[in-house]
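Engineer: Start from chain A and add chain B according to the hints.
The primary structure of each chain is shown beneath.
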Amino acid sequence: MHPPSKPIVRCVGITKYFGGVRALNNVSLDLMPGEIVALVGDNGAGKSTLVKILSGIHQPDNGSIWLGDVEVRHLSTGRAREFGIETVYQQLFLCDNLGAAANVMLGQEPVRSRLGPLRFIDTRRSIEEARKHISELGAVLDDLVTPVRRLSGGQRQVIAIARATVNAHHLIQFDEPTAALGTRQARATLDLIRRVAAQGVAVIVISHNLDDVFAVANRIVALRLGRIMLDTRLHQTSREHVVASMAGISFRQGTS
Amino acid sequence: MRSTVSSLVARMALAGGRNLGLLVTVILALLLIALFSPRYLSVDNLIVVALQVSFVGIASLGTACLIISGNVDLSIGSQYALCAVTAAMLAKMLPSPVAWISGIALGAILGLIDGLMVWRIHISPIIVTLGTLTIFRGVALRVTNGFGVRGVPKSFSIFGQSRFFGVPMPVWVLVALAIVAHVVLHSTTQGRHLFAFGGNRQASEAAGISGKRVVLTTFASNGILVGITAVLAASRIGSAAPTFGVGFELDVIAAVILGGVAFTGGEGTVVGVLLAVVLLGIVNSGLISVGVDPHYAEMVKGGALVVAVTLDQLTQEQQERHRKALAIQERSTVA
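Line by line, the protein sequences are chains A and B. Under my numbering, the first residue of the first sequence is numbered 2, with each subsequent residue one higher. Under my numbering, the first residue of the second sequence is numbered -5, with each subsequent residue one higher.
Treat the hints with care, as some may be off.
Unchecked claim - Quick partial rundown of chain B residues pointing at chain A, CB under 7 Å, derived from the structure: (1) THR182; (2) GLY193; (3) ALA197; (4) ALA200; (5) ALA201; (6) GLY202; (7) LEU320; (8) ILE322.
As the list claims (entries may be wrong) - Not the full set, but computed from the structure, chain B residues with beta-carbon under 8 Å of chain A: (9) THR183; (10) ALA190; (11) GLY260; (12) HIS316; (13) ARG317.
Keep in mind the hints are simulated off the structure, nothing from the lab. Even for Gly, the Cβ is constructed at its ideal location relative to N, Cα and C.
Excised from the complex, chain B in its bound form:
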């Protein structure tokens, strides 16, 4: 038990510095905004902020897993649109629960398509999913003729609009899925193999881990999360449009990277990603509530990302120097 705890402590210490930094930044940002706009810290407003971040939040869990395993899916914005319009269109013909589940299942299929191509075609997943980004968007526009899907029955909105203890459904879904993602990533062999695969693909396959299985399950799971996001969004608004989620992938990837997931794979925590999602959400809504031109919010978000990756780079360089020094020391002590 003690070594379990000590390994947990060591792991937390590694990710901890960064997560602590994010937490402090979140608190500072909240305090700063509250100075100018005290209403921002009201429970009602914080619930609104939580609702706003929950969509990017759910999708960022999937993208975090993908990037940790050394992959990425750029097509999530288009998956989002296609799942949302499909669910909304089906809701006009079929019982709402069937529409919800179909939208989520479609996400799994789209993710699987991406996964199969990335696994089979040996070019960068960035290129492959850039292709499907355009394809899925095209399909969404085609099936809707470019128009929004309206006239969806009221029952379709139950999923997205319901509240428990005053907190909207999307927030609960995010919390539940974040807990699941945390446990899977950090406590199971499946999670361990994602990190291993992202750290060194050849080594993982040499150790008997099936690359095909890792790639397909992460892409499909990511698709399921995108499907859930899409169905929640369409259900909440009571309609869907083929233009949903344009640029969604950039918001999600920015949050994931800011949250400490290395774009090169093999590093990251769910806690960090959640903190980054919250931070970006606060910057967005907080600056507006303080009365700052919303364009500045974009600059601040982009700036935060650049600062974060620069800090990462500097830490890595320092570690590399440490390792070199160690190697020189070892070689010089020839018996």
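If we strip away everything but chain A, and leave its shape as in the complex, we get:
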């Protein structure tokens, strides 16, 4: 696949204004396959803006984005999806009226046959593929047909992540994945995130919870007022250092 030394997605000097507010200021970030990058920062630090730029929802005012070896001038949601960038939102965009398999395969249902414009769904393959994606996350879900509104929060989380993995060949972004979950479910979700990364996908996790960050990430990027204040391997930093970076306080860490 990709040699681990080569970034799969690169942001170079990204700046984004919303009216007079500079949400991102000259942000550069290289993402490696299999790496879990935690994006931390206060409200308004620019975490969500960065995630939305990488998923094509917002376009940067300045700077460039590289997908693999290609510089993309205008990253649209379609282009991001085509390249294999997916985002799992906190609100867990699921269709409550559909089953787990239908949700996981939504928009990419396997087709059995065609008649004019009509495409007939291969229900069996749809269920098989959904089951495969779910089991790759180490999760088990027996009933993939019952509407997901009857499922628990943890099961719904599995479905949302499984859906993202169907298409996320290169980058998957999690926006506050554990915010709405109990302790046990949160732990299960962090396991899911590790599994996704182990498949060779770059992962970005936005989180307010430093316990989660230190439990799951290999790398921490702290944003403050749209600037990257800290970009370091997890084992080269400490909680105090991260908190200080988020707050904009200069911090001397031991000898370094």
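Structural biologist: The following block gives chain B in isolation, referenced to the frame of chain A:
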């Protein structure tokens, strides 16, 4: 194959309770009416009943798709009138088949107009199509000067008046279109995306489903079905009036909702809708044939609708409680 069957079984079980209830009600209603008026169950009479329900039936297929996808078109009664008078007027100048096709094509255009506005204007489709309900009716009245269109050539009536094996054309059209609608809704990606869109629009668009495409194709298809209904009706009667289809949308929506399509979108079956169309048709004609004041029929129809949505609401509340209980259970088992 087995999981295909099992998913089908599961799906049928979900919709099945309700459809079974409707079927039982239809049979009970038939038996009850037959007790007082045995002639009602004669083949000839049942064919008449089938003919009467076929118009609402065809239109209800389109409305079902719209409501499943989270939309609605209130202007179908006016579309009906405009398509009918247009087809009848054209039939006086052009060959009848051209008039039929034009009436149906006009339906597609009117549906598309509604779809474009609903997609572009971000207010409730109820408001948007309430506007076009009035506009289309106005156009129908204007082009006819408010008078019925008469003196239509005999050949125009071939479409609506023909019979196969003793069964009138509109009934065959309903059966054929119902099969198509059933297959499209429950077996194709297009149908799946209607349910998804009605279930959670944001989620569907996030999954790459084009909202524009869903909205425009459902409204246009609905318009085509309304056009077919209108042309069949005008052709059957051999004339058309700009006052056709006043209140038609209410009959159609009542049947669709009674048939188990959730007004909030995302739920429904063609079988349920057909059963409800038949049930309402039986209530209408049956009560009259038994000799009950027709005004009671209106009350019974309205009452059936209220009972049905109340039952839905209660089931939903129960499911919600179940889900909450599940969530509490999950949270309490913290390792």
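Engineer: Under the criterion of a CB-CB separation shorter than 7 Å, is ALA197(B) in contact with chain A as hinted?
Structural biologist: holds, 4 Å
Engineer: Let's test the interface hint: is any C-beta of chain A closer than 7 Å to that of THR182(B)?
Structural biologist: Since chain A brings a Cβ to about 5 Å from THR182(B), closer than 7 Å, the hint holds.
Engineer: Against chain A, with CB atoms and a cut of 8 Å, does the hint on THR183(B) hold up?
Structural biologist: holds, 5 Å
Engineer: Does GLY260(B) hold up as a contact with chain A if the rule is Cβ-Cβ below 8 Å?
Structural biologist: At 4 Å from the nearest chain A Cβ, GLY260(B) passes the 8 Å test, so the hint holds.
Engineer: Grab the minimum C-beta distance from GLY202(B) to chain A and call the hint holds if it beats 7 Å, violated otherwise.
Structural biologist: holds, 4 Å
Engineer: Taking 8 Å as the limit, does the beta-carbon of HIS316(B) come near enough to a beta-carbon in chain A?
Structural biologist: Constraint on HIS316(B) satisfied, holds at 7 Å.
Engineer: Does the closest beta carbon of chain A sit nearer than 8 Å to the beta carbon of ALA190(B)?
Structural biologist: Hint on ALA190(B): holds, closest Cβ of chain A at ~5 Å, below 8 Å.
Engineer: Can ALA200(B) be said to touch chain A, with a Cβ gap under 7 Å?
Structural biologist: For ALA200(B), the interface hint holds, since the closest Cβ of chain A sits about 5 Å away, which is under 7 Å.
Engineer: Could you check if GLY193(B) really has its C-beta closer than 7 Å to a C-beta on chain A?
Structural biologist: Holds: closest Cβ of chain A sits about 4 Å from GLY193(B), inside 7 Å.
Engineer: For the hint on ALA201(B), just tell me whether its beta-carbon gets within less than 7 Å of chain A.
Structural biologist: holds, 4 Å
Engineer: Min Cβ distance, ILE322(B) to chain A: is it shorter than 7 Å?
Structural biologist: Status violated, d = 10 Å.
Engineer: Under 7 Å is the threshold here; is the Cβ of LEU320(B) close enough to any Cβ of chain A for the hint to stand?
Structural biologist: holds, 5 Å
The structure is inconsistent with hint 8 alone, although it conforms to all the rest.
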